[in-house]
Every structure is written in C-alpha cells, then in structure tokens.
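Those protein sequences? They're chains A and B, same order as listed.
Quick note: the first sequence, position 17, residue 22 per the numbering used here, numbers continuous.
Quick note: the second sequence, position 28, residue 1427 per the numbering used here, numbers continuous.
If you are wondering where the hints come from, they were derived from the structure by calculation, not from laboratory data.
Backbone N, C-alpha and C fix where the C-beta goes; we use that ideal spot for every residue, glycine too.
It is possible that some hints are incorrect.
Claimed, not checked - Some chain A residues close to chain B (C-beta under 10 Å, calculated; not the full set): (1) Gln38; (2) Gly45; (3) Glu46; (4) Pro48; (5) Arg98; (6) Gln101; (7) Phe105.
Unchecked claim - Below, in silico cross-link-like pairs of lysine to aspartate or glutamate (DMTMM-like), each with a Cα-Cα straight-line distance of 20 Å or less: (8) A/Lys61 - A/Asp72; (9) A/Lys102 - B/Glu1474; (10) A/Lys102 - B/Glu1481; (11) A/Lys64 - A/Asp88; (12) A/Lys75 - B/Glu1502.
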Amino acid sequence: TQLLEQSPQFLSIQEGENLTVYCNSSSVFSSLQWYRQEPGEGPVLLVTVVTGGEVKKLKRLTFQFGDARKDSSLHITAAQPGDTGLYLCAGGRGAQKLVFGQGTRLTINP
Amino acid sequence: KAGVTQTPRYLIKTRGQQVTLSCSPISGHRSVSWYQQTPGQGLQFLFEYFSETQRNKGNFPGRFSGRQFSNSRSEMNVSTLELGDSALYLCASSLSGGRMNTEAFFGQGTRLTVV
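Please take these sequences and the hints and turn them into a complete structure.
Structure below.
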C-alpha cells in the first residue's frame, strides 16, 4: 500500500522556469522529509518539516507542510540544471519506519 | 562528523551465490534501516534494526536477512541470489524515537549486479 503519493512522477522543464512537486497522503505524519537523489548515489536530506502549515526555504527551494500534516509541497523557483534529480518525500511517525513516496524525477534542460 | 558508510560500493555476483553488505551508521545513531531501490519499484523497505533488535520488517522473502552489532554497525545478507535481486541497496541511519528523530541519513549505496 502506497501511503505517500507524489506527483508528477516525471517533470522536464527549461532552465529558469518554476515548478511545484506534491506529496499527498490520507494519513497524518509527525514529520515529513524531502530528499534529492542523483544517479548511483544515496538520497540526501534537504529538509524536515514537523508543524502543520510550516514553510521552510532553502535558497530557491520552498517546502510547505499541510495544515493537517497529511501533505507537502516543494516549489523550485528559477530552476537550474543542478536541480536535476529524483526528489523523494518521506513521512515519519515516531519510531515507525519512514514511508517513502515513489519519487519525482526532475530534469532541468539548459 | 563522518556520514553513513556502505561497503562495498559495487558488487557482481552469480545466481545462487550469497552476499553480505555492510553499513556503518553515523556515530551516535542507533537505528539502521535497509532499502532496495530499483527503477521499477522505487525505494522498498527491507528492515530496520535498533539496539541490535529488528524493529520493523518489510515484505521481502526470508532470503533477505540482517543483523546489527553492539556498535550499531549493520550487515544485510542475501542468500541464493536471483537476477531480480540486482539493485541499489541503501542503508540509512537515524537517532530514532521522538518527532524529530525520524530523519534518515543515507549512505551512497551498494550497487549489486546478479548475473
């Protein structure tokens, strides 16, 4: 059972454009993390959000946790080729195992 | 502070053989989780160890096993390898417990190819 649904699964845009990736669930999570993974490497943690409605910014990346702590979004402004990668969201509930979405494969074309 | 270390990085095995992968977590982290990642299935949870005990387990056959040592280092073993076991195996460590302590930090992975 896939508890976290990410959309879109694939996204290819031109450099300089903006984009938003979504991570949705019917379950409540105590925390939600976003990771970026490059080919052949392990996922790298970008951010953790824990409070409903929380917004965090990391340079051109803006992460938001839904008010009900069931969904999250990642918005990238003025995308650059270096943003290319697989973006994964993962929900946590204390000591229970993290639940991962299936990922969004993002390609930024120069 | 050293990150999560996985060895080896690459491995080629023959069908029917067995393999052992190793993971050294971040110092102070007591939880180690293992994942299998394939292009078609995404990140699939194998199991989690905390203080030398398996705390969570995914839906994989008994050929996949693991253990954790007193220093939190972990190993996973796959016996009777099949072609479909070819994948990137990722290890993640975390402090575990509490709202903020579910952050997982991943190693670079072991790329296993079964021929």
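TODO: Return the numbers of the hints above that this structure violates; sort them in rising order.
DONE: 10
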